[in-house]
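From just these sequences and the hints, can you work out the full model?
Protein chains in written order, with the working numbering: chain D, 1 to 260; chain B, 1 to 340.
Just so you know, nobody snuck in bad clues.
Here are the simulated lysine-lysine pairs, BS3-like style, with alpha carbons at most 30 Å apart:
{"hint": "1", "chain 1": "D", "residue 1": "Lys143", "chain 2": "B", "residue 2": "Lys335"}
{"hint": "2", "chain 1": "D", "residue 1": "Lys72", "chain 2": "B", "residue 2": "Lys240"}
{"hint": "3", "chain 1": "D", "residue 1": "Lys124", "chain 2": "B", "residue 2": "Lys280"}
{"hint": "4", "chain 1": "D", "residue 1": "Lys129", "chain 2": "B", "residue 2": "Lys280"}
{"hint": "5", "chain 1": "B", "residue 1": "Lys239", "chain 2": "D", "residue 2": "Lys63"}
{"hint": "6", "chain 1": "B", "residue 1": "Lys280", "chain 2": "D", "residue 2": "Lys139"}
{"hint": "7", "chain 1": "D", "residue 1": "Lys187", "chain 2": "B", "residue 2": "Lys229"}
{"hint": "8", "chain 1": "B", "residue 1": "Lys3", "chain 2": "D", "residue 2": "Lys121"}
{"hint": "9", "chain 1": "D", "residue 1": "Lys139", "chain 2": "B", "residue 2": "Lys337"}
{"hint": "10", "chain 1": "D", "residue 1": "Lys72", "chain 2": "B", "residue 2": "Lys229"}
Hints were generated in silico from the structure; no laboratory data involved.
This is what each chain is made of:
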Amino acid sequence: MNIETEIKSILKTHQLDIGYANKLIAKNISVEINTGNLIAVIGVNGSGKSTLLKTLTGDLSPKKGEIYLQQKNITELNTAQLSHFISVVLTDTQFSHNLNVEELVALGRQPYTNWLGQLSKNDKLEINKALQLLEIEEKSLSKCSDLSDGQLQKVLLARAIAQNTPLIFLDEPTTHLDLYHKIFVFKLLKKLTRQTEKAIVFATHEINLALQLCDQIILVNKGEIIQKTPEELIKSNLLQELFPKDLVAFDASSKSFRVL
Amino acid sequence: MQKNTIFLLLGVLILLLFMILNISLGSVNIPLKEIMASLLDADVEKETWRYIILEYRLPKAITAILVGSGLALSGLLMQTLFRNPLAGPYVLGLSSGASLGVAMVILGGSIFGGVISSFFFSKWTLVIAASLGSILVLLAVLATSFRVKDTMTLLIIGLMFASLTSAVVSILSYFSPAESLQQYVFWSFGSLGNLSWQEVLILLIFWCLGILISIFCIKNLNSLLLGEKYAVSLGANLKKTRLLVILATGLLAGSITAFAGPIAFIGLAVPHLTRQIITKNNHLILFPAVAIGGAILMLICDSIAQLPGSNTTLPINAITSLIGAPVVIWLLVRKKKLYF
Numbered sequence: 001m002n003i004e005t006e007i008k009s010i011l012k013t014h015q016l017d018i019g020y021a022n023k024l025i026a027k028n029i030s031v032e033i034n035t036g037n038l039i040a041v042i043g044v045n046g047s048g049k050s051t052l053l054k055t056l057t058g059d060l061s062p063k064k065g066e067i068y069l070q071q072k073n074i075t076e077l078n079t080a081q082l083s084h085f086i087s088v089v090l091t092d093t094q095f096s097h098n099l100n101v102e103e104l105v106a107l108g109r110q111p112y113t114n115w116l117g118q119l120s121k122n123d124k125l126e127i128n129k130a131l132q133l134l135e136i137e138e139k140s141l142s143k144c145s146d147l148s149d150g151q152l153q154k155v156l157l158a159r160a161i162a163q164n165t166p167l168i169f170l171d172e173p174t175t176h177l178d179l180y181h182k183i184f185v186f187k188l189l190k191k192l193t194r195q196t197e198k199a200i201v202f203a204t205h206e207i208n209l210a211l212q213l214c215d216q217i218i219l220v221n222k223g224e225i226i227q228k229t230p231e232e233l234i235k236s237n238l239l240q241e242l243f244p245k246d247l248v249a250f251d252a253s254s255k256s257f258r259v260l
Numbered sequence: 001m002q003k004n005t006i007f008l009l010l011g012v013l014i015l016l017l018f019m020i021l022n023i024s025l026g027s028v029n030i031p032l033k034e035i036m037a038s039l040l041d042a043d044v045e046k047e048t049w050r051y052i053i054l055e056y057r058l059p060k061a062i063t064a065i066l067v068g069s070g071l072a073l074s075g076l077l078m079q080t081l082f083r084n085p086l087a088g089p090y091v092l093g094l095s096s097g098a099s100l101g102v103a104m105v106i107l108g109g110s111i112f113g114g115v116i117s118s119f120f121f122s123k124w125t126l127v128i129a130a131s132l133g134s135i136l137v138l139l140a141v142l143a144t145s146f147r148v149k150d151t152m153t154l155l156i157i158g159l160m161f162a163s164l165t166s167a168v169v170s171i172l173s174y175f176s177p178a179e180s181l182q183q184y185v186f187w188s189f190g191s192l193g194n195l196s197w198q199e200v201l202i203l204l205i206f207w208c209l210g211i212l213i214s215i216f217c218i219k220n221l222n223s224l225l226l227g228e229k230y231a232v233s234l235g236a237n238l239k240k241t242r243l244l245v246i247l248a249t250g251l252l253a254g255s256i257t258a259f260a261g262p263i264a265f266i267g268l269a270v271p272h273l274t275r276q277i278i279t280k281n282n283h284l285i286l287f288p289a290v291a292i293g294g295a296i297l298m299l300i301c302d303s304i305a306q307l308p309g310s311n312t313t314l315p316i317n318a319i320t321s322l323i324g325a326p327v328v329i330w331l332l333v334r335k336k337k338l339y340f
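In structure tokens, the structure reads:
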């Protein structure tokens, strides 16, 4: 793809505080998401990764401050309008496994279909494009109950692609996958951001992989949320501080965590 | 799509066939030619035959179709809304809620005074009370479903509501005079045959209302197949959908239970049986398919219930359970796992 295409801001926060009714998770957050970027959200368990994602996707209201989606304040958008900006891939697998691949991907077109949900020619085109992009056309008639975890992840991603939003959020897309498939998904996400100019933001525990493959990292740690490129993050001392120092340490020369 | 349209057309044809079969069976043997003549308003050999067909068997067959399709559809609505393959109007306590409404009218009316009871005991009161009963139980189940995410717990809660309502019914029966009690017991056996044309019309009005409301939910029901979080991310208005689905199910299950008694297993079994034939999960296709399937199954159950060649009519509720329970067991054993 053309690297010189103009980079535009899709999402930008302004003095954002996140948390729940009686609990502040982090304050004064400044995050910016641009087109074509692959961004990993990392942090230890319970640090507030999912609170941040929930707030950025409009699922949870900000405690203070604003989130702008292409100049529009997120709190002023209803769910129908929001569905044109943000699509999600969740860890929750409680969906009907009776659905076949094509049907599941087709549901991604719901924001664009009529009141009965009938697919137009264009909808079908977009569905096929998404299936092709993820190379799962030959699986299109298989039921979800017959797919492996890795294939299912691709199908869910294809659904998000079919929704055709500038922004895709994924919640820990590589859990349950072996190392090969973890790398496969990371590479796939990277390829998608390059081919489609969509921005993809995902929460992950795979810090080593994220440092190698992502354009930006959002680090959530002890009430602080910092956005940096991997290089900047490695130069800063932030990764060394991430975990207790008795078991694991960050080695800047190899750009990875090492067991002590 | 093409294949499923053929299946639907085939379904309608089979439905018509079973309807004629259902009308031709009964304690009095009427030749098929005379049956068609009665239906088509031509000359009939015996006037009593025409009377039996038009005033008894035809309204019964139409009731069977409305009851079967309505219950099967409310089963489908419940299974998708609760995302639970074992949900259905009977399992979740909707029929019990409707029973409570009916008991309040039949039994409660007789306890709290004769004049009032004869005033209240019109068919409309019965239907509205039953619908309110099922909507109430449904709202209660839904309210608890927000607190418990576990599907098994939800079913147990449905069972608990069923026992609660039946306890209230027991107390009412304890204080009721014998005739109203008998009236209630006969109602609870379930019957399709005692409806006058006027009552069929009332049932049809409620049925149409229920169907109409659920048609507006089709798109959001499809997104609910992915779960509530995905549905919201696709722009679905969850609160509105939930309310509409509950209203539709309450109207369908309530009015049907009011007239035909509590009928088990149709709501639970038919959506699963239909999914064995129709491979699509789109509610736009599942809706008519499940409705046709429910109507066919109900016609079959009714034909069995009237024991061809005899004067006896078995309680319809017993027949649906006798057929429905083995079917669900067979599906569970064969498929290992049911999906909604």
